[in-house]
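**Student:** Sequence order for the protein chains is A and B.
Going by this note's numbering, the first residue of the first sequence is number 1, and it counts up by one from there.
Going by this note's numbering, the first residue of the second sequence is number 287, and it counts up by one from there.
Derived by calculation from the structure, the hints in this document are not laboratory data.
Please note that a few of the clues may not be correct.
Calculated lysine-lysine pairs in the DSS-like style (CA-CA distance at most 25 angstroms, straight line) [said to hold, decoys possible]:
| id | chain 1 | residue 1 | chain 2 | residue 2 |
| --- | --- | --- | --- | --- |
| 1 | B | LYS423 | A | LYS120 |
| 2 | B | LYS385 | B | LYS430 |
| 3 | B | LYS327 | B | LYS360 |
| 4 | B | LYS427 | A | LYS120 |
| 5 | B | LYS596 | A | LYS120 |
| 6 | B | LYS327 | A | LYS120 |
| 7 | A | LYS120 | B | LYS381 |
| 8 | B | LYS596 | B | LYS362 |
| 9 | A | LYS120 | B | LYS385 |
| 10 | B | LYS427 | B | LYS381 |
| 11 | B | LYS685 | B | LYS555 |
| 12 | A | LYS120 | B | LYS686 |
| 13 | B | LYS362 | B | LYS423 |
| 14 | B | LYS362 | A | LYS120 |
| 15 | B | LYS360 | B | LYS582 |
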Amino acid sequence: MTLQILINGILKGGLYGLMALGMSLIWGVMNIINIAHGAFIMIGAYITFLLFNFTGIDPFVSLIFSSSIMFLIGYTIQRGIINLVIRAEIFITLILAFGIEIFINNAALMIFSADVRKVKVSYGASNFNMFGVTIPYVRLIAFLLAIAITIILFFFMTRTKSGRAIRATSQDLDGAVLSGVRVSRIYAITFGIGTALAGAAGTLWAIIFPLSPTMGGSLTLKSFVVTIIGGLGTMLGPVIGGLTLGIVESFGTNWFGTTFESLISFSILVIILIFRPKGILGKGKE
Amino acid sequence: MKKSLPFFNFVLVVFIFFCFSGNVVAENIIKLGSSISFTGKHSRSGKLYIDSYKLAVDTINSKGGVKVGDKTYKLKLIFYDDRSDSSESSKMVEKLIGKDKVDFLLGPYSSGITIPDSLIARRYRIPMIEGGGASEKIFNKKNKYIFGLLPEAGEYFKSTLEYLKTVKPTPKSIAILYADDKFDLSVGEGTKKIAEKMGFKIEIFEKYSEGQSDFTSVLTKIKGKNPDVILVGGHTEEALNITQQLKELDVNPKMLSLTVGPSESDFRKALGKDSEFVFGVASWSTQMNFKGYIFKDTAEFINIFKNKFKYDPDYHNAAGIACVSVLKYAIEKAGSLDREKVREALVNSDLQTIYGTIKFNPNGQINGTSIVLQILDGKVFEVYPNTLKKSVYPMPPWKKR
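Given the sequences, and given the hints that come with them, work out the whole structure.
**Tutor:** Here you go:
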């Protein structure tokens, strides 16, 4: 049973990691705490739901669509809206992101209504047994995809010109500008990638859980906690943070009861902040 | 053209006459107010009551209105949106009473919102009839002005437990999961009490946060203890998650029953075949057949409702209709709009509606029980106390379906 609880936690943790990856990226590079992150995840989930219901596209395939559509949305939002206040204090961008979140949530409520939806795939909840542990296929695949996407992002950031420019901008803004990096374009790309990751997380979420327009709020909170736990400024941070949170939640709720899920996540947050203020892997600037 | 002028004058006179007579009629209006969830997390359930209140009022008005003594009154509904928030709802109820001067109140949706609203109704001594809250916390405050049409939350699973005594092999152990809102707290605690009294062993008794999506931890625990029956007091989204995650983790109880979910078409649509054999409870189902008060019978109500709103009514809708019906009955019985006299009539009401017989307990809650439902062949059937279709117990394991 202990093994089963551990596996439950790891599978959930992978998804948490992917959820937080986009938030961590945007935060680390642009110093924006994107409160609307959960709302972007929600849009990604609905894109998957709509594609599946109207065209029958398999939700795992729609990963490509949801992330590219979300990239465009993110790119546009950064260029059109956030760019206007990018040099302002962090509170201004925070409030702006909050406004975007409220707008998206209410628009989604109007368009989709508060009805609970579900992506109903034939292989939905099927599973297999290994060493006495029951593993649901969809959760396993979602976990593997989340890890794969993280690895792809890692290579993008280290091996491509745009990736290096993003990292340069995050490490030393003036230096990057002097070296000929077009910062506003890099910011837009970063924000686009961040929301694309949110879209991908939304797709994987939609395969496992039902969706409703108001689901974003709690997801933003989870992403936030995972980002802090993992630490800013590293690719591996969100993954470690996600796995930590997933495993601790899984054991914690098993021992203390399901109501304590939020209490447990915030307790780890506090503990991490006391002992490692920059997160487990964090090396961000003070 | 000239010829038609006298005719035109005639029309004008008639028109003016109607305008004035309209004003005369307008004085004979009974105002019913409700602050209810048009937006926010309860907007879906709120709509069920809004639709029902409207249909009931329209039907009563088109059939001649309410007769008080030798006068006839029309009913008028005044709604405000409480945004699914109890403090907003309290403000709106005050507004209905203070600004709109409503004669009587109809309830909001959810126990959490009904509790503060009912206390305002008591303060102003205005009878409130509600069909959206069943927590005992609404009815244990010695409030003489609240009347509820859902059976007591603590007894929601009573009929299910009785049903479990009739099946073979007799189940022994039960796991109870419930959300931490006011209604489900009552369901959880009440069910535990009754189940223990009936000799069942409670293996797991656990609360979860409203809106929780991942239940793998507690379901793993349940899998370890392997109870015969899982009873869940929660909401549609959680019901979906729990059912699917039971299958994901290959947990095979002999019975899974959910308070909310199985009676709604959303639940069956979202889960498809996996919703098969799941049990539920309700205070009413479309298969019941009662003589009505404002409708001829249940069948006529369902027909009219479906034509108008394009969805199948469920027990929320029927309770909403019953709210307005019993109010009309009480006003006519009292023969007055005096709130104390109407309240008196409500206390003593004995009325047959499409929702069933309405009689209130001394605490203001309806004297009734819930029925046991099961999803069979993609449809919901009452399986206890009346057997409209033979129930399938135990539920077949996931892998053998």
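**Student:** All hints, please: hold or fail.
**Tutor:** Results for each hint:
no. : hint                  : result
1   : B:LYS423 <-> A:LYS120 : 38 angstroms, violated
2   : B:LYS385 <-> B:LYS430 : 24 angstroms, holds
3   : B:LYS327 <-> B:LYS360 : 33 angstroms, violated
4   : B:LYS427 <-> A:LYS120 : 45 angstroms, violated
5   : B:LYS596 <-> A:LYS120 : 23 angstroms, holds
6   : B:LYS327 <-> A:LYS120 : 23 angstroms, holds
7   : A:LYS120 <-> B:LYS381 : 44 angstroms, violated
8   : B:LYS596 <-> B:LYS362 : 24 angstroms, holds
9   : A:LYS120 <-> B:LYS385 : 48 angstroms, violated
10  : B:LYS427 <-> B:LYS381 : 23 angstroms, holds
11  : B:LYS685 <-> B:LYS555 : 21 angstroms, holds
12  : A:LYS120 <-> B:LYS686 : 20 angstroms, holds
13  : B:LYS362 <-> B:LYS423 : 30 angstroms, violated
14  : B:LYS362 <-> A:LYS120 : 43 angstroms, violated
15  : B:LYS360 <-> B:LYS582 : 20 angstroms, holds
Hints 1, 3, 4, 7, 9, 13 and 14 from the earlier list are contradicted by this structure; the remaining hints agree with it.
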